[in-house]
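Numbering-wise, the working numbering comes out as the position in the sequence shown, counting from 1, plus 192.
There may be inaccurate statements among the hints.
[As the list claims (entries may be wrong)] Computed beta-carbon distance windows for the label pairs: (1) Y645 / T224: 44 to 54 Å; (2) Y645 / T479: 37 to 47 Å; (3) A460 / R692: 24 to 34 Å; (4) R492 / R399: 15 to 25 Å; (5) R389 / Y645: 14 to 24 Å; (6) D269 / T408: 40 to 50 Å.
[Unchecked claim] Distance condition first, Cα-Cα at most 20 Å in a straight line; then the derived SDA-like pairs of lysine to any residue: (7) K698 / T348; (8) K698 / E657; (9) K282 / R223.
By construction, these hints were calculated from the structure, which means they are not laboratory data. From the three backbone atoms N, C-alpha and C, an ideal C-beta is built for every residue, glycine too.
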Amino acid sequence: MEQKLSRRVFLSAAAGAGGLLLTGAGHGPARTLAGDPFRLGIASGDPSADGVVLWTRLALDPLGPDGRGGMPARDVDVEWQLATDERFAKVVRAGTETARRQRAHSVHVEVDHLEPGREYFYRFRAEGHLSPTGRTRTAPSSVSAVSAVSSSSPLTFAIAACAHYEHGFYTAYRRLAEQDPELVVHLGDYMYEYAPRGYTALAGSVRQHTSGTCATLADYRMRHAQYKSDADLQAAHAVAPWLVTFDDHEIENNWAGEVSSSGDPAFARRRANAFQAYYENMPLRRTSVPGGAAMRVHRRVDWGPLARFHLLDTRQFRDDQACEDGLRSGCDDRLATGRTLLGEDQRSWLLDGLASSGARWNLVGQQILMAQRDSRVGPGTEVNMDSWDGYAAERTRLLTGFRDTGAANPVVLTGDAHMHHAADLRLDFDDPDSPRIAVELVTSSIASDGDGYRDESRVAATIAENPHISYLDQRRGYIVCRVTPQELHADFRTLDYISRRGAPAKTGARFTIPAGQAVLT
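Take the sequences, apply the hints, and build the full model.
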């Protein structure tokens, strides 16, 4: 049960984390951790109109080989505060949570009874140490009246994905944080499971993974801790609440349901380990607590009457990739009507959520390229079996469902591809007169595949082969969207290099989607 804490627990003098020093509190002998336990930063996520999740994970030695972060073999009480100002002059909620050893000393605080549509600041204290301060916010109140929609405040959110630690520095996360978004949507490949240099980018590796390919719980915990130790990633988490969902590399490259791409006979155990570590390291609600080799991450988050986010899981319920995966030509199996990517239950859940949505914009966050992308220039086609091209019949059913539900302004948000795309989603990609159903915005990677490049001739050839694609850019980056009742603006932000620190970000392209028109302007 939460208890209102005395401000003197946190406020004593100047300096230190958050501009404050600490004094002891409590009864009996005070325990003190031998070092800063907040080396993995803090985060918030899954905001609602009256609440948000606050997260941290204690670690004294983030890369300790047992995956426990060098923490003592006991639970640790962690105090938390939420305030309306970053000096914590007005603390509105506070309490104590137990960071349990069996959960890698992670903390997930589900704060409720907050005011809708406002900014808050939060921090943690554990045994003599104060965390940095994070900023979060609640969603606006979901009012269905038309007048409320027309008067909705704009929403600025960022889209990110694919951050291979070895391939470059996380400057893109830093630049994303500097743009001051109100929300961050992360669409998977938050971390990578490969052993050191197990996946070498064109430019090589600029830093090195922890040892071994992730398989045990300790492996996944340690790898998450390595990623979470990055200061640029911590800055992006501290600036705004996140909506997260996984893709493949949080578990294993190109896994599909119960099928391991590497033929791992213990894949169910490996999946359970990966899911537990993922939950421990993400600002997720208790509805996402894994049950062994299963974890629910598909969910909806409403942002007042302006937007509804539908977050999908494109891994747990899919059939195995057709034709032994990879880029393939002439693979008829990929066209089979019975093949599924989402699974029947999740597809129905999505379409029901679209049908019942009164939001002005319906933003579908998912992992893999939905638009058809033919990689072969000239006659014939060559498509990626791991993307929606490998599940073409279900894609058609889904887009037909988008149309038939009548949901306002569906926009698909996508990661995985390691390059920016802006594309129209049509019922028949081979027919230029086929109706546009939605727009897809695909973010490039934060770091995966190194510095990237801008190959104008290759871009021109690909767009000529795929006229429903309006924009491609192979450089690293992220997307910043600004949504109003009238339109959605998408800035595709790019960095020229990540093999060294300090790259500026610039807008490589800017698109506007007018409300009521599934078209990129």
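Against the structure, the hints come out as follows:
{"no.": "1", "hint": "Y645 / T224: 44 to 54 Å", "result": "holds, 51 Å"}
{"no.": "2", "hint": "Y645 / T479: 37 to 47 Å", "result": "holds, 41 Å"}
{"no.": "3", "hint": "A460 / R692: 24 to 34 Å", "result": "violated, 41 Å"}
{"no.": "4", "hint": "R492 / R399: 15 to 25 Å", "result": "violated, 37 Å"}
{"no.": "5", "hint": "R389 / Y645: 14 to 24 Å", "result": "holds, 21 Å"}
{"no.": "6", "hint": "D269 / T408: 40 to 50 Å", "result": "violated, 28 Å"}
{"no.": "7", "hint": "K698 / T348", "result": "holds, 17 Å"}
{"no.": "8", "hint": "K698 / E657", "result": "violated, 27 Å"}
{"no.": "9", "hint": "K282 / R223", "result": "violated, 28 Å"}
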